[in-house]
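A.B. asks: Chains as they are written, first to last, in UniProt numbering: chain A, 1 to 250; chain B, 1 to 334.
Since the hints were made in silico from the structure, they are not lab data.
Beta carbons: idealized from backbone N, C-alpha and C, even for Gly.
Watch out, some of these pointers could steer you wrong.
Stated by the list, open to error - Listed next, the in silico DSS-like pairs over lysine-lysine satisfying Cα-Cα at most 27 Å (straight line):
id	chain 1	residue 1	chain 2	residue 2
1	A	4	B	146
2	B	92	B	195
3	B	52	A	195
4	A	52	B	196
5	A	153	B	4
6	B	4	A	146
7	A	4	A	63
8	A	223	A	185
9	B	92	A	22
10	A	52	A	32
11	B	52	A	146
12	B	2	B	63
Claimed, not checked - Cβ-to-Cβ under 10 Å is the rule here; a few derived chain B residues that face chain A:
id	residue
13	67
14	72
15	76
What follows is the residue order along each chain.
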Amino acid sequence: MTLKVYADRMSQPSRAVIIFCKMNGIDYEEIKVHISKGQHLTSEFEEINPMKRLPAITDGRFKLFESHAILIYLACAFPGVADHWYPADVSTRSRIHSVLDWHHSNLRRGAAPYVFNTTIAPVLGRPLNPQAAAEAEPILSSSLSKLESFWLKENGRFLLGGNQPSIADLSLVCEIMQLEVLDEKDRARILGPHKKVQQWIENTRNATSPHFDEVHKVLMKAKEKLQNQRLKAAKNEGGSDMKKALPSRM
Amino acid sequence: MKLKVYADRMSQPSRAVIIFCKVNVIDYEEIKVLISKGQHLTSEFAEINPMKRLPAIVDGRFKLFESHAILIYLACAFPGVADHWYPADVAKRSRIHSVLDWHHSNLRRGADTYVSNATIAPVVGRPLNPQAAAEAETLLSSSLSKLESFWLKDAGRFLLGGNQPSIADLSLVCEIMELEVLDEKDRARFLGPHKKVQRWIENTRSATNPHFDEVHEPQPSLLPDRLYHCLIPLLPSAPTSHCQRSAAPRRYLTATTPIEAPRGVLPAVHASRSSVSHHRFGDSLEIISRTGPTRASVVAIKATTPAKRKREDSQHTGDNNTNSKQSSHHQTPK
Numbered sequence: 001m002t003l004k005v006y007a008d009r010m011s012q013p014s015r016a017v018i019i020f021c022k023m024n025g026i027d028y029e030e031i032k033v034h035i036s037k038g039q040h041l042t043s044e045f046e047e048i049n050p051m052k053r054l055p056a057i058t059d060g061r062f063k064l065f066e067s068h069a070i071l072i073y074l075a076c077a078f079p080g081v082a083d084h085w086y087p088a089d090v091s092t093r094s095r096i097h098s099v100l101d102w103h104h105s106n107l108r109r110g111a112a113p114y115v116f117n118t119t120i121a122p123v124l125g126r127p128l129n130p131q132a133a134a135e136a137e138p139i140l141s142s143s144l145s146k147l148e149s150f151w152l153k154e155n156g157r158f159l160l161g162g163n164q165p166s167i168a169d170l171s172l173v174c175e176i177m178q179l180e181v182l183d184e185k186d187r188a189r190i191l192g193p194h195k196k197v198q199q200w201i202e203n204t205r206n207a208t209s210p211h212f213d214e215v216h217k218v219l220m221k222a223k224e225k226l227q228n229q230r231l232k233a234a235k236n237e238g239g240s241d242m243k244k245a246l247p248s249r250m
Numbered sequence: 001m002k003l004k005v006y007a008d009r010m011s012q013p014s015r016a017v018i019i020f021c022k023v024n025v026i027d028y029e030e031i032k033v034l035i036s037k038g039q040h041l042t043s044e045f046a047e048i049n050p051m052k053r054l055p056a057i058v059d060g061r062f063k064l065f066e067s068h069a070i071l072i073y074l075a076c077a078f079p080g081v082a083d084h085w086y087p088a089d090v091a092k093r094s095r096i097h098s099v100l101d102w103h104h105s106n107l108r109r110g111a112d113t114y115v116s117n118a119t120i121a122p123v124v125g126r127p128l129n130p131q132a133a134a135e136a137e138t139l140l141s142s143s144l145s146k147l148e149s150f151w152l153k154d155a156g157r158f159l160l161g162g163n164q165p166s167i168a169d170l171s172l173v174c175e176i177m178e179l180e181v182l183d184e185k186d187r188a189r190f191l192g193p194h195k196k197v198q199r200w201i202e203n204t205r206s207a208t209n210p211h212f213d214e215v216h217e218p219q220p221s222l223l224p225d226r227l228y229h230c231l232i233p234l235l236p237s238a239p240t241s242h243c244q245r246s247a248a249p250r251r252y253l254t255a256t257t258p259i260e261a262p263r264g265v266l267p268a269v270h271a272s273r274s275s276v277s278h279h280r281f282g283d284s285l286e287i288i289s290r291t292g293p294t295r296a297s298v299v300a301i302k303a304t305t306p307a308k309r310k311r312e313d314s315q316h317t318g319d320n321n322t323n324s325k326q327s328s329h330h331q332t333p334k
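Please model the entire structure based on the sequences and the hints provided.
C.D. replies: Put into structure tokens, the structure is as follows:
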């Protein structure tokens, strides 16, 4: 029975899992579960993942959720996955675990609520929450600084001094890509200072081409729509506050 | 070169790593880094872990932080660690990864934030944040419910239906132990409805004793006067001396069963099987060795100032918040 990947390409961890499958020639069926339509909250999906979160996989009778656990499982269970994705060497592997764990409470914890509460919430029928965004921003900024100064400090194109990408690069870069939907000024302010981070995003994108761009198409479409809405709003209001995000008509 | 474990036993993930080392007889040196004294913020410790968080380990020239990564490393790198801690089977191992990942944003986030805001913050002079506490309470409650209904749903004494503990059991139970510092009613409110969770905590404790209790030993001389007196009303009467500790096991409240032993009372401390030397990280390094089963099981308070030598307290405060201003005294065995 083919591996099934339950995913929404608007979800950062979903994208990481899909790109990984494509890169490694893993035979899978993508089952789209649209968060914006509440499909992750159905009793049907609850059978797959009682936590009602994405992504999730079923491999025969085996079910699994949490994207890092999924990426590790796929790297170990499927033949032909190159070692650099999840090295067999205990020390190298441990350092990947370390950055993946750090990610939960740092980059993910900052980036996801910041983007959600400044931009994406209306798409899911929720209000923007500037206070939550203001609380998330310092976590996001300090996480990007830590990426710049520590996780990317060694000579190497990828995290931890690697010259080839690991599952950690895929997971974290997919998270940062969510910043694409921000107002251009905000994005430049947040990402602009971090040259190594920007280079590393490009490196990861190139290393996983063409799948990276293909899987991010949905996000880029959302970005375009949001930008058009901002421009329209600016025109209608005579060029007033460009940073205000409008409820989406997506 | 011996493995070095940089830890503060007030920190839940630190305790999980130390208990793991003791249970698996891993030869290590514990280097105490006291969060309440800001020792994790020194440039000295930043050399060990630039994130300035605990625990961290150094194994030869290899440095590592994040407790889950450390537990996995120790399970893989040290011989003699039984398979149940981190099974070689890919599917079983993946499910352990799944609960460890879930833990970060659920149980850990709920418990840590709630305890910090609801209990410790007022007495250490930081402002209470009722909104953060309310959000954390919801998250903590729902996490405990998920443990009860999902992670413990299979027949088995441990998470994921296991009959022996894994690193996930150790990590999550050490987190829940933090709730010990809450007011009795609060703790009963959170834990009372969850019978499986209570049983699982006891199972994990039994499977890792005497180390579990020893590592969770309250640190009585850690409290300055003000904090001590603020917390006294939250406790039942404390024993007057460590020598008089009751042998009654600690029990969690159930909805119908009254507590069997007063809180803060622990079984007598047993000497560790492994040879462990304790360093206190910072400007006044103290090296104390504890060896062999012949050593006395009574633990004496080692106070850093004469005025505090007479204080007898069995309070375990468990504040691991890195912003805590609470000062502490290091308790060492003689």
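A.B. asks: Take the hints in turn and mark each one as holding or not.
C.D. replies: Here is how each hint holds up against the structure:
| no. | hint | in the structure |
| --- | --- | --- |
| 1 | A/4 - B/146 | holds (24 Å) |
| 2 | B/92 - B/195 | holds (25 Å) |
| 3 | B/52 - A/195 | holds (24 Å) |
| 4 | A/52 - B/196 | holds (22 Å) |
| 5 | A/153 - B/4 | holds (24 Å) |
| 6 | B/4 - A/146 | holds (24 Å) |
| 7 | A/4 - A/63 | holds (10 Å) |
| 8 | A/223 - A/185 | holds (14 Å) |
| 9 | B/92 - A/22 | holds (25 Å) |
| 10 | A/52 - A/32 | holds (14 Å) |
| 11 | B/52 - A/146 | holds (12 Å) |
| 12 | B/2 - B/63 | holds (13 Å) |
| 13 | 67 | holds (8 Å) |
| 14 | 72 | holds (6 Å) |
| 15 | 76 | holds (5 Å) |
Checked against the numbered hints above, the structure violates none of them.
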